[in-house]
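Q: Here's the letter readout for the chains.
There are 2 protein chains.
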Amino acid sequence: MPVVFQIGLLGLGTVGTGTANIILNPEQRHPLVRELNIAQVGVRSPDKARSVDLPPEVVTTDLDGIVTNPDIDIVVEVMGGIEPARSLVLKAIQHGKHVVTANKALIARHSDEIFTAAEAAGVYVLLEAAVGGGIPVIEPLKQSLCANRIDCITGILNGTTNYILTRMQQEGGDFEEILADAQELGYAEADPTADVDGFDAADKIAIVAALAYGGRINLDEVYCEGIRQITATDIDYADRLGFVIKLLATARRDRQSSQSSQSDRLEVRVHPTLVPKEHPLANVNDVFNAILVEGDPIGQVMFYGPGAGSGPTASAVVSDILNVAALLKVERSGSTKPDGTPMLDPLLAPSHQHYCSIRPIDDLETRFYTRLLAKDEPGVIGTLGICFGKNNVSLESIVQIDKHNEQAEIVIVTHKVREGNVRQALKAIRDFDVVEYVPGILRVLD
Amino acid sequence: MPVVFQIGLLGLGTVGTGTANIILNPEQRHPLVRELNIAQVGVRSPDKARSVDLPPEVVTTDLDGIVTNPDIDIVVEVMGGIEPARSLVLKAIQHGKHVVTANKALIARHSDEIFTAAEAAGVYVLLEAAVGGGIPVIEPLKQSLCANRIDCITGILNGTTNYILTRMQQEGGDFEEILADAQELGYAEADPTADVDGFDAADKIAIVAALAYGGRINLDEVYCEGIRQITATDIDYADRLGFVIKLLATARRDRQSSQSSQSDRLEVRVHPTLVPKEHPLANVNDVFNAILVEGDPIGQVMFYGPGAGSGPTASAVVSDILNVAALLKVERSGSTKPDGTPMLDPLLAPSHQHYCSIRPIDDLETRFYTRLLAKDEPGVIGTLGICFGKNNVSLESIVQIDKHNEQAEIVIVTHKVREGNVRQALKAIRDFDVVEYVPGILRVLD
Chain A
1 MPVVFQIGLL GLGTVGTGTA NIILNPEQRH PLVRELNIAQ VGVRSPDKAR
51 SVDLPPEVVT TDLDGIVTNP DIDIVVEVMG GIEPARSLVL KAIQHGKHVV
101 TANKALIARH SDEIFTAAEA AGVYVLLEAA VGGGIPVIEP LKQSLCANRI
151 DCITGILNGT TNYILTRMQQ EGGDFEEILA DAQELGYAEA DPTADVDGFD
201 AADKIAIVAA LAYGGRINLD EVYCEGIRQI TATDIDYADR LGFVIKLLAT
251 ARRDRQSSQS SQSDRLEVRV HPTLVPKEHP LANVNDVFNA ILVEGDPIGQ
301 VMFYGPGAGS GPTASAVVSD ILNVAALLKV ERSGSTKPDG TPMLDPLLAP
351 SHQHYCSIRP IDDLETRFYT RLLAKDEPGV IGTLGICFGK NNVSLESIVQ
401 IDKHNEQAEI VIVTHKVREG NVRQALKAIR DFDVVEYVPG ILRVLD
Chain B
1 MPVVFQIGLL GLGTVGTGTA NIILNPEQRH PLVRELNIAQ VGVRSPDKAR
51 SVDLPPEVVT TDLDGIVTNP DIDIVVEVMG GIEPARSLVL KAIQHGKHVV
101 TANKALIARH SDEIFTAAEA AGVYVLLEAA VGGGIPVIEP LKQSLCANRI
151 DCITGILNGT TNYILTRMQQ EGGDFEEILA DAQELGYAEA DPTADVDGFD
201 AADKIAIVAA LAYGGRINLD EVYCEGIRQI TATDIDYADR LGFVIKLLAT
251 ARRDRQSSQS SQSDRLEVRV HPTLVPKEHP LANVNDVFNA ILVEGDPIGQ
301 VMFYGPGAGS GPTASAVVSD ILNVAALLKV ERSGSTKPDG TPMLDPLLAP
351 SHQHYCSIRP IDDLETRFYT RLLAKDEPGV IGTLGICFGK NNVSLESIVQ
401 IDKHNEQAEI VIVTHKVREG NVRQALKAIR DFDVVEYVPG ILRVLD
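If you read the sequences in order, they're chains A and B. Residue numbering for the first sequence follows our numbering, starting at 1 and increasing by one per position. Residue numbering for the second sequence follows our numbering, starting at 1 and increasing by one per position.
Hint data in this document are derived by calculation from the structure and do not stem from the laboratory. Keep in mind that the hints are not guaranteed to be accurate.
Note: identical chains are not told apart, hence a pair may lie in one copy or across any two.
[As the list claims (entries may be wrong)] BS3-like mimics (lysine-lysine), calculated; alpha carbons at most 27 Å apart, straight line:
id, residue 1, residue 2
1, 375, 390
2, 375, 427
3, 403, 91
4, 375, 329
5, 277, 416
Isolated chain A, as found in the complex (with noise of 0.2 Å):
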């Protein structure tokens, strides 16, 4: 019988919905997640309607009690907002709970208590989700890139800012008509101060800066200035110099003081920028997020995704919860197996030993293109399309786009079909007199 790690989730929104749900659809996941189990839930009104399927007994009001139930390992708090959720956090940490959030506002502002308490506590605070919904953001600065002396960080942080900017680009409309339709269309809140004003991007840059730069940000002294102020103008003469608009977040460490540590100083600042159209953050549209890191020796690197959502923050949430589970592993096992041969972290030791069944690439179903020289005569495509219809092809196109030397060219390409039908028609094809050349086939991609 496998451990299982007891959750307390505090909250049953939109991302506590979508965290109960990947933890009771355990299948083609982790193996790991089939040793959590969400014990208790809490919200405020029991009886509401929700998509997920919970048993009656694990939902309670009673927040306190879950932060202090003494059979919870790790606390979920997706509940939002600066109270009560802080001193939940704070509660369940003073009782040695593990704590797994999503809420940027409460870590921007209250990180202080919150990681010396965990630290008295030795207890995780884990907060992938807080920053860039689904995208590793947090992990990767922590685990993958800890070898780096990081110089700048920028991101599009907020998804709301950045679907007004983009239709302003796409539509030329002015902010405050699209504004509208966005809270119209529900990507944008009906106050949207948090989003259009900066503050949750400021909320956001000023973790992942913290992060990045080891050491705690104050957020007041973060710059922060929204998208208000742009207008269709700006946008049109921006384009015509070449830059498009967009929302970005920045943490950097101050150039002239990046050889000695002690005398750091940070930019960190949320505003309007030119971004130059071939800069990769230029093509991030819509409510996407991307973050762009640049450190010595890596680089420039980009983390591009959803940068919200049910689904995609879930994602993160239960990263983190299955991190401090993978830790927690070992730990109670007191560092070995049964057999005495040490015990290692699940998430990163691969144990699998079983090899994957592989599809041979004859059975592969995707659009193909190839092109062929043909003889120019008549009746040429009709006996073509005759010969990949009686091999089950079905094309989307088949042109005559050059001729010379009594000779055409053909482009086809074909529907969604099996490429050992394609091979087939054209090992077919290939002994037909008028055809002279068949280069080969190349796939397209979804």
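Could you slot chain B onto chain A? The hints should help.
A: Then chain B, alone, in the frame of chain A:
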């Protein structure tokens, strides 16, 4: 005195030198870097001139002595090739050393015996540098995306072929001529087979697929097709159809079987592919790599960056070393600190307590964009220019764009200047009689 982790480095080529350089220069990196010590470095020619400053007594030609040295905690294999790397890694594992390797060819072919030996010995074998150079790929898949059901991974994983295809796309040249040029410039090897025939990308996607789908991959079953047959004509036709041609490495869970984990079948394949121009992978050019992961519930995330090179690859190698060191640190402490509280993984638990010093926005130095409405009178641009000059704001351009109702709209872009000076200049300009309206400033990304 901190715990010190003893590193044995096998190889002092490009990646080995980069690795040593990070460890020998720990300033402004994670504090744990200071606890790493290069105990021994194994090389073939000890007298070769190197760009790294190591005490002569650590350099040895006795590689066997390194992997059996009882003082060494972590063996770092950056010599490449199959033998003697394979035998040395296996011997290191048998002697209880943790292993960090950048050797994709070795892992893709011998992961079976290596991971089996590591499991039996209870040691870690980490290999972030084997795929995507410095781009975090392996660890995010293991730790940040572990809650997901991975549907598909699509990557541009070979820099040489991406460089060649990018130039073919941009210049319209044919494969052979651009390959020759790439060889001359050092972007392709004298024997380019591993790159241009897709074998390097196949090694990498096999490693990634094993991780993502939790099973081993038989490299012989990975379909592999390179870019030798791609012609300027194909690139031209693809362009007309709205595509670019990229060498993609793909690992996909067979959709038919995606509901039953028992009968999983994978597609694992490398081949040139027509990629729609608006797809995120279409804009990954030159020697850059990118990997797109699609999963449930995350949706799509993409990791982008330098796929090779001394610095980026060393970044991944040293990060792996630090991950092992962090786990060893907890283990050696007996999981508790001297005061009895639990010892936490130093990479996951931020323990900084000081506040970072943040530069005020007035001290920011960057380029600025601003525009203003002025009366359409002679000399306005001169007056503005003088005012900016007085405030030490050097201008890149000042252009009158539109003129209507006796008003001229003037757009100004500065060189890199101090923000405080720009604000001071604009304050003065707002008081000019000829100036009607100054909406504010926008910063320009460097």
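Q: Look at each hint and say if it fits the structure.
A: Taking the hints in turn, this is what the structure says about them:
Proximity of residue 375 and residue 390 under a CA criterion of 27 Å is satisfied intra-copy only: 22 Å inside one chain copy versus 75 Å between copies. Taking the closest pair of Cα atoms, residue 375 and residue 427 come within 27 Å of each other only inside a single copy of the chain (18 Å); across copies the shortest separation is 75 Å, beyond that limit. For a Cα distance limit of 27 Å, the shortest separation of residue 403 from residue 91 qualifies neither inside one copy, at 78 Å, nor across copies, at 64 Å. Within a single copy, residue 375 and residue 329 get their C-alpha atoms no closer than 70 Å, and across copies no closer than 73 Å, so neither meets the 27 Å cut-off.
Taking CA atoms no more than 27 Å apart as the test, residue 277 paired with residue 416 passes between copies only; the shortest distance there is 19 Å, against 34 Å inside one copy.
In this structure, the earlier hints numbered 3, 4 are contradicted, and the remaining ones agree with it.
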